[in-house]
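Asker: Start from the sequences, fold in the hints, and give me the full structure.
Top to bottom, those sequences are chains A and B.
Numbered per the working numbering, the first sequence spans residues 148 to 273.
Numbered per the working numbering, the second sequence spans residues 45 to 322.
Hints in this document: simulated from the structure, not taken from any laboratory.
It cannot be assumed that every hint is accurate.
[To be verified] Once the Cα atoms are required to be at most 27 Å apart in a straight line, the calculated BS3-like pairs of lysine-lysine come out as: (1) A:K152 x B:K180; (2) B:K239 x B:K180; (3) B:K239 x A:K152; (4) A:K152 x B:K112; (5) A:K154 x B:K239; (6) A:K152 x B:K174; (7) B:K180 x A:K248; (8) A:K150 x B:K112; (9) B:K182 x A:K152; (10) B:K287 x A:K154; (11) B:K112 x B:K180; (12) A:K150 x B:K182; (13) A:K248 x B:K174; (14) B:K180 x A:K154; (15) B:K182 x A:K154; (16) B:K287 x B:K164; (17) A:K154 x A:K248; (18) B:K174 x A:K154; (19) B:K180 x A:K150; (20) B:K239 x B:K287.
[Unchecked claim] For the chain B half of the interface with chain A, some residues (derived, Cβ under 7 Å), not all of them: (21) A107; (22) V111; (23) T129; (24) L161; (25) S254; (26) A255; (27) A257; (28) V259; (29) I301.
Cβ atoms here follow ideal geometry from the backbone N, Cα and C, with glycine treated the same way.
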Amino acid sequence: MTKFKDKDMQLLLGQVLRAGTIISISIVFIGGIFYLVRHGHSIANYKVFNGIPDFVQHPSGIIYGILNIKGQAIIQFGIVLLIATPIMRVVFSTIGFVLEKDYMYVAISLVVLSIIFFSMMTGRAG
Amino acid sequence: MTILVFTLIILIGAYFAGLLGSLTGLGGGFVIIPLLTLVLHVDIHYAIGASLVSVIATSSGSAAAFVKEGITNLRLGMFLEIATTAGAMCGAILATHIPTSYIAVIFGLILIFSALLSLKKKAENIVREKSYLAEKLKLSGSYPGNNGAIDYSVTRVGGGFVMMIFAGIISGLLGIGSGALKVIAMDTIMRIPFKVSTTTSNFMIGVTASASAVVYLQRGYISPGLSMPVVIGVLAGAFTGSKILVQSTSSRWLRYIFAIVISALAVQMIYHGVTGKI
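Answerer: In structure tokens, the structure reads:
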């Protein structure tokens, strides 16, 4: 196998970003159609903040919602994938730097990943 | 107002936000947040959540092409992402603790500042002298120009890093990409050629926004019904914008109009914030 180079990494990351965006937006779009068909004629209320419906707040609820074709759960799944896309990009860069044997940048990428992970945890702690 | 009408209004508004955002390089969040909060009276936390999602979509979508072409500086981006993600996390946590009226005022001020900045002509600077830290971190690079690859170096890494922490905080606090602040850090402080700084900034915006979006997601600030039309509209608008941008040679007049519109929105946001209506 020839050595993994910056050029290969550019192609790989480009594909990760493109695929992630297209897949997640398509899911959001499909969920949006179901949501509008079912709730299109209800009254919109976003004036006061009171959280989001419970079933789209937790992973188990989202999966349950998708299985029952609930538009909001499908949209939220797409949005979670969309948020995960840049994070996956960092994961793939880390692998790329390992293949390039650029250990300083492996370390730098891992620092970025741990900050994001820490951020996820502080969100949960409320 | 029914959800159907509400969704259509947002979809159209978000389309124009994305279009203007990509034509001027400021990003869609600048228009979408005032639209949602001032016109449709959406709670600012929901608005920031939806805006962040659209910022991630446009950044990932456009970064994909620039990365493949080899204009983006991957190492520089990755190194500075330490600063922006740490800042974004702090900004997102801050946003859930400070009153909404403060957020509105800060948003207005950053808006005016960014609008003024977008009018400034960007100089194509190429630095050749090498700084110790830039060498150590392998930040120098090259990008494809008209007559082959153009080499460049990077200076004042420390200053750029500090500016990036600030850009991250603003991004997490206000739900925008804060591309303008990232470009200051790279153009003005680190003296990176603007083609590289703009694309690398774009590349970084996705990760920065994700770092704060995970906080908003966990707190229940990302509402599917609202995010759906915002993200689809902004992305479609940004896509149209990039097509127009390739054809037209000058977008200078557009920048002036945009700067005026943005400043008017900013004054409204500040006014509502100060009077406590947001």
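Asker: Please write out, lowest number first, the hints stated earlier that are contradicted by the structure.
Answerer: 24, 29
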